[in-house]
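*Asks:* What follows is each chain in one-letter form.
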Amino acid sequence: MTETSLFMENLDEFIYDENKIVTYKWLSNTLQIHVNLAKRLLFMFIQQERNKKDKDGLKVTYFVAGLSIDSNGVKKHLCSVVSEKDLNVVRSKLSPVTSCHIYSVHKVKLKDTNALYATDFEKIKENIFSATSYSAIKFEKAQQRRKEDTVKESQTSASQAPSSVITVKKDAAPISSSTTTHGNKKKTQGKVDIASMFSQQSKPVKKEGEVKKDKPSESKTQNKPEPKKGGMNSFFKTADKTSFKVEESKVVVKEKSPVKNVKSPVEIVNPAKSRKGKLSDSEDNRTNKSKRRRIKADLFDSSSDEEMEVLSDEEDEPITCIETEPEKPASPKSPSPKKQKPSPVSNIENTGAAGKKVNTGSSERKDNTESTERKDNTGSTERKRKRVKKLVAKTYKDEDGFMITEKVYETDSTDASDQETPKPPLSKKNGTDNLNNKNKPAQKKKTPPKKASPAKGKQTSMTSFFKKK
Amino acid sequence: MIYSDKPDPDGVGDFITEQSEEADNHVFCRSSSDYQEHNDRFKFKLKDRSFSRQYAHLYSERLMTMRPKLSKAAQDKWGLEFPIRKLHELVHGEKCIVIGTLFKHMELRPSILKEVSEEHNLMPQPIRSKYTEENDILILEDELQRIFLIGDIKASTSVTGPVIAVFGKEPENDAGKFYVEEYCFQHLPNQLPRPIIENDRYIAFISGIEIGGKQEKLFQLQLFIDLVTGQLGDEGQQKATSQIVRVIVAGNSLSQSTQDKDSLNKAKYLTKKTAAGSVEAIKSLDDVLVQLASCVDVDIMAGEFDPSNHTLPQQQLHRCMFPQANSYQTLHNVTNPYDFSVSGVRILGSSGQPIDDIYRYSDIDNRLDMLEKTLEWGHVAPTAPDTLGCYPFYKEDPFIISECPHVYFAANQKDFDSRIHKGADGQEVLLLTVPKFCETSTCVLVNLRNLECQPITFDANFSTDMSADSSPEQDK
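For the protein sequence lines, the chains are A and B, in the order given. If you're matching positions, the first sequence starts at 622 in the working numbering and goes up one per residue. If you're matching positions, the second sequence starts at 22 in the working numbering and goes up one per residue.
Certain hints may be false.
Calculated Cβ distances over 10 Å to all of chain A for the following chain B residues [to be verified]:
hint : residue
1    : Arg51
2    : Lys116
3    : Glu162
4    : Gln258
5    : Lys416
Dumping the calculated EDC-like pairs for lysine to aspartate or glutamate here, alpha-carbon to alpha-carbon at most 16 Å [stated by the list, open to error]:
hint : chain 1 : residue 1 : chain 2 : residue 2
6    : B       : Lys151    : B       : Asp377
7    : A       : Lys744    : B       : Asp308
8    : A       : Lys696    : B       : Asp26
9    : B       : Lys175    : B       : Asp384
10   : A       : Lys697    : B       : Asp480
11   : A       : Lys732    : B       : Asp480
12   : A       : Lys696    : B       : Asp436
13   : B       : Lys416    : B       : Asp69
14   : A       : Lys696    : B       : Asp29
15   : B       : Lys443    : B       : Glu424
16   : A       : Lys706    : A       : Asp733
17   : B       : Lys293    : B       : Asp283
18   : A       : Lys762    : B       : Asp55
19   : A       : Lys728    : A       : Asp633
20   : A       : Lys697    : B       : Glu237
21   : A       : Lys728    : A       : Glu634
22   : B       : Lys175    : B       : Asp221
23   : B       : Lys304    : B       : Glu237
24   : B       : Lys304    : A       : Asp675
25   : A       : Lys730    : A       : Glu705
26   : B       : Lys116    : B       : Asp29
27   : A       : Lys696    : B       : Glu301
28   : A       : Lys714    : B       : Asp69
29   : A       : Lys697    : B       : Asp26
30   : A       : Lys746    : B       : Glu110
31   : A       : Lys728    : A       : Asp675
32   : B       : Lys304    : A       : Glu747
33   : A       : Lys697    : B       : Asp29
34   : A       : Lys730    : A       : Asp691
35   : B       : Lys294    : B       : Asp281
36   : A       : Lys1015   : A       : Glu1031
37   : A       : Lys746    : B       : Glu301
38   : A       : Lys746    : B       : Asp307
39   : A       : Lys641    : A       : Glu630
40   : B       : Lys64     : B       : Glu417
Simulated from the structure, these hints should not be mistaken for laboratory data. Treat the numbers as computed from the prediction; the structure is a model and nothing was measured. No residue lacks a Cβ here, since even glycine has one placed at the ideal position from N, Cα and C.
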């Protein structure tokens, strides 16, 4: 009985002092008692108050259920929450009445059900999984899944996911906190699906990944991909990629963007890698490495002049690289860079860019190599999403008051299907005589990587169209 | 037996009377039941999906599968003396039986070809509720030819799609038309006898919750959850509720307004940061389902406005949408249409799209009549793929009714209605239309023991009459 009196005191407090709307469900969840006991308590409270004083200031709503015949003559079971004064009216319409108990007690008069719904809703949201633990019906089969069960489900459903999922999940399980287990599980499952999604794409990357990790990350790379690059390293180190994922933030969306950012170094590395796979010469390794470094630098740099000067130092290497390229197998398009090389150079001369000509020429040649690399690579590796450096014209005013249009690289993620359409940027530039055009090298950049497969017949014809220029 | 026409409740009003000796913490165990799913023909395997096929395969499959059944039905009805002819073998003036697919030619039927055609220069047709008119013509198509049907067959109550056997003749003076004297459809397939169930077992059907819409009835929905999970009600009622073994959420759990189809037309840079309307709604739905799943088996079907594929058969809503509810093993995501059996009672039904489509293309008004017709025709969605979106099957037509169900339902209809359909071989099918919860706040309980239905309506009425205050506080 003392327990009951304790509850009654609590109830008194809730209703009078805190002016809360006390529904039976709210009471049962707060005091952690059975719902029926809560109903009983509410009734007892009302009795008590009404016996004590004449005017208690309490408003009561009842839940009443029973069989009723509606206008169509259909017998239906009506379950209704009514205020006290309507109770008898509604009760009289139901025959027989199957339930009648107190729904809520409060001091305020309610105009509609919103307040009732809100109190219960807040309580439910607080502990969603134990919302029904005080109900009068229990179902043994309604058990929360264990983690292994979710793993099995994700396996069967994501039929394309690699088998490393299970091991990954078990790694994930201890790491993730228990309270957010379920949410994370879904997210990690989502991540696993994403992993599976680009695991197929990045499989060639993975193969050559081992070499990648030896390379120091370039300073010129943006800061953002840098920490992720560390993650990518571990990605390549271990067979199961999701350990890397677990360390990352648990939000799937965020995960997508670092993945995308990471792709750029991956892509850049990849061209080099694939060639590396072919060549066994250490010399080529060296040239590859240096080229890689240079390429990375070039691709990541902004339109600063310093970069170009730095690059001009390494003039010799690009030239040697170009010469080595024709020797490589599976480069049927290697003549094309050579062909294209003179044309932009000549174009540069045409536009009359002063001073920087030599630089641009050299860096152009360098860019030829990049483009050839790209071409080769895409011929040799599988098609995948590319983070492409798009050539974008940026116009600004110089100190002298000249309008300068510059072509700079901007990274853009393209679909694997959007192979770089060979943009002849020079054709546009030639038309603008008044502007001091600095031709950023590597219009070559945009020459499409030729697909070895004949299925890309259209593309080849497009490139042949541009080659004529 | 509270949930029946003659309830005999006990313990009513216990909680508003003086306390009895017993403690108030009875816990009832929910009855369990055997469950079997027969949905395999509706599910797609991920790798096999190909939308580049033509729909002709579906029709030919349908005709091929149903031809033997129809010839049997035709011979049973009209005897063996009349030959079953294919259209190209027809002899003028000879009475014979022809089996083919019915096609209803409607002038008002929206046709994309007409819209796009430049010579017609037509404005797009306005959306009407019914596309039928008096001049609609029925045509019978078999594998090779088609022929007009005139005579004793009404175009207004037919739709395109069912396979029919017609008895009549091609008149000599009016070739190209077939004069129909009688017609018939396949026999209702055999039905496994319903097992005798001793105790009451109920299945609760709820549809059209339409969360996120203007008409969403969240309080009534919460009442439904509280009732099913055994919180509401006196002890007698709670005990009866513990006999609800399954809850089927039959489609349109999200509202049409959560579908933001405009975002498909907008440029990506405008819509990148905006969240879809369905995200919040799915979260609310997840909260609803987790409460239900903690206490009862729940099957959730996709509906017209739910985030699943548009064409029939709609695939399961993905588990990842319900992270909380999926932590319970009692939540099942199922296809639309849904075919399953509980305790030996076979139940088949859809979220209502086939019935809505038949409403648009025929003159039948009563939804239950339409449901009955589809049972007679032996096909869950006869208008697919003509006017109802459908996947281009080519190996089989999964909508053909080959095993007679005991309960056949269509959800998201306007009203609750039910009828027992008796078949020629003694089959008994309960036809059921489940009303939209957002409009009627009504769910349906089906008793598996005797196939009785009971609608349950949830209500909340507070009058704002201020004069009847029992305790005016200003006096104090």
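*Asks:* Compare the structure with each hint and give your call.
*Replies:* Quick rundown of the hints versus the structure:
Not every CB of chain A lies more than 10 Å from the CB of Arg51(B), the least distance being 4 Å, so the non-interface label is violated. With a least beta-carbon separation of about 46 Å from chain A, Lys116(B) lies farther than 10 Å from that chain, consistent with its non-interface assignment. With a minimum CB-CB distance of about 39 Å to chain A, Glu162(B) clears the 10 Å threshold, and the non-interface call stands. With 10 Å as the threshold on Cβ separation, the claim that Gln258(B) sits away from chain A is violated: the shortest Cβ distance comes to roughly 5 Å.
Non-interface call for Lys416(B) relative to chain A: holds, since the shortest CB-CB distance, roughly 20 Å, exceeds 10 Å. Restraint check for Lys151(B) and Asp377(B): the C-alpha separation of about 10 Å stays at or below 16 Å, so the hint holds. Between Lys744(A) and Asp308(B) the alpha-carbon distance is near 12 Å, which keeps this suggested pair within the 16 Å criterion. Between Lys696(A) and Asp26(B) the alpha-carbon distance is near 7 Å, which keeps this suggested pair within the 16 Å criterion.
Of the pairs offered as hints, the one joining Lys175(B) and Asp384(B) holds, with about 10 Å between alpha carbons and a cut-off of 16 Å not exceeded. For the hint pairing Lys697(A) with Asp480(B), the CA-to-CA distance comes to about 12 Å; that is within 16 Å, so the pair holds. Restraint check for Lys732(A) and Asp480(B): the C-alpha separation of about 15 Å stays at or below 16 Å, so the hint holds. The suggested pairing of Lys696(A) with Asp436(B) holds, with an alpha-carbon distance near 13 Å, which does not exceed 16 Å.
Restraint check: the Cα-Cα separation between Lys416(B) and Asp69(B) comes to about 12 Å, which is no more than 16 Å; the hinted pair holds. Restraint check for Lys696(A) and Asp29(B): satisfied, since their Cα atoms lie roughly 15 Å apart, inside the 16 Å limit. Between Lys443(B) and Glu424(B) the alpha-carbon distance is near 15 Å, which keeps this suggested pair within the 16 Å criterion. Distance check on the hinted pair: Lys706(A) and Asp733(A) sit about 15 Å apart at the alpha-carbon level, within 16 Å; holds.
In summary, the hint linking Lys293(B) to Asp283(B) is supported, as the alpha carbons are separated by about 13 Å, within the 16 Å threshold. The suggested pairing of Lys762(A) with Asp55(B) holds, with an alpha-carbon distance near 12 Å, which does not exceed 16 Å. A hinted pair counts as satisfied when its Cα atoms are at most 16 Å apart, and Lys728(A) with Asp633(A) qualifies at roughly 11 Å. For the hint pairing Lys697(A) with Glu237(B), the CA-to-CA distance comes to about 21 Å; that exceeds 16 Å, so the pair is violated.
Between the alpha carbons of Lys728(A) and Glu634(A) the distance comes to roughly 12 Å, so the proposed pair stays at or under 16 Å and holds. The straight-line distance between the Cα atoms of Lys175(B) and Asp221(B) is roughly 43 Å, outside the 16 Å bound, and the hint therefore fails. A C-alpha spacing of about 15 Å is found between Lys304(B) and Glu237(B), which places the hinted pair at or below 16 Å, so the restraint holds. Only pairs whose Cα atoms come within 16 Å are accepted, and Lys304(B) paired with Asp675(A) is rejected, the gap being roughly 46 Å.
The hinted pair formed by Lys730(A) and Glu705(A) meets the criterion: a straight-line CA distance of about 11 Å does not exceed 16 Å. Distance check on the hinted pair: Lys116(B) and Asp29(B) sit about 60 Å apart at the alpha-carbon level, beyond 16 Å; violated. Pair hint Lys696(A) plus Glu301(B) does not hold up; C-alpha atoms about 36 Å apart against a cutoff of 16 Å. Between the alpha carbons of Lys714(A) and Asp69(B) the distance comes to roughly 57 Å, so the proposed pair goes past 16 Å and is violated.
Simply put, Lys697(A) and Asp26(B) have alpha-carbon atoms about 8 Å apart, close enough for the 16 Å limit, and the pair holds. As the CA atoms of Lys746(A) and Glu110(B) are separated by approximately 70 Å, the hinted pair breaks the 16 Å bound. The hinted pair formed by Lys728(A) and Asp675(A) meets the criterion: a straight-line CA distance of about 15 Å does not exceed 16 Å. For the hint pairing Lys304(B) with Glu747(A), the CA-to-CA distance comes to about 15 Å; that is within 16 Å, so the pair holds.
As the CA atoms of Lys697(A) and Asp29(B) are separated by approximately 15 Å, the hinted pair is consistent with the 16 Å bound. For a cut-off of 16 Å, the pair hint linking Lys730(A) to Asp691(A) is broken: about 29 Å separates their Cα positions. A distance of roughly 14 Å separates the Cα atoms of Lys294(B) and Asp281(B); the hinted pair therefore holds under the 16 Å criterion. Between Lys1015(A) and Glu1031(A) the CA atoms are separated by roughly 11 Å; this keeps the pair inside 16 Å, and the hint holds.
A hinted pair counts as satisfied when its Cα atoms are at most 16 Å apart, and Lys746(A) with Glu301(B) qualifies at roughly 14 Å. Distance restraint check for Lys746(A) and Asp307(B): the Cα-Cα separation of roughly 11 Å lies within the 16 Å cut-off, and the hinted pair is therefore satisfied. Proximity of Lys641(A) to Glu630(A) is assessed by CA-CA distance (about 14 Å); at most 16 Å being required, the pair is judged to hold. Taking the CA atoms of Lys64(B) and Glu417(B), the gap is about 13 Å. The hint holds against a cut of 16 Å.
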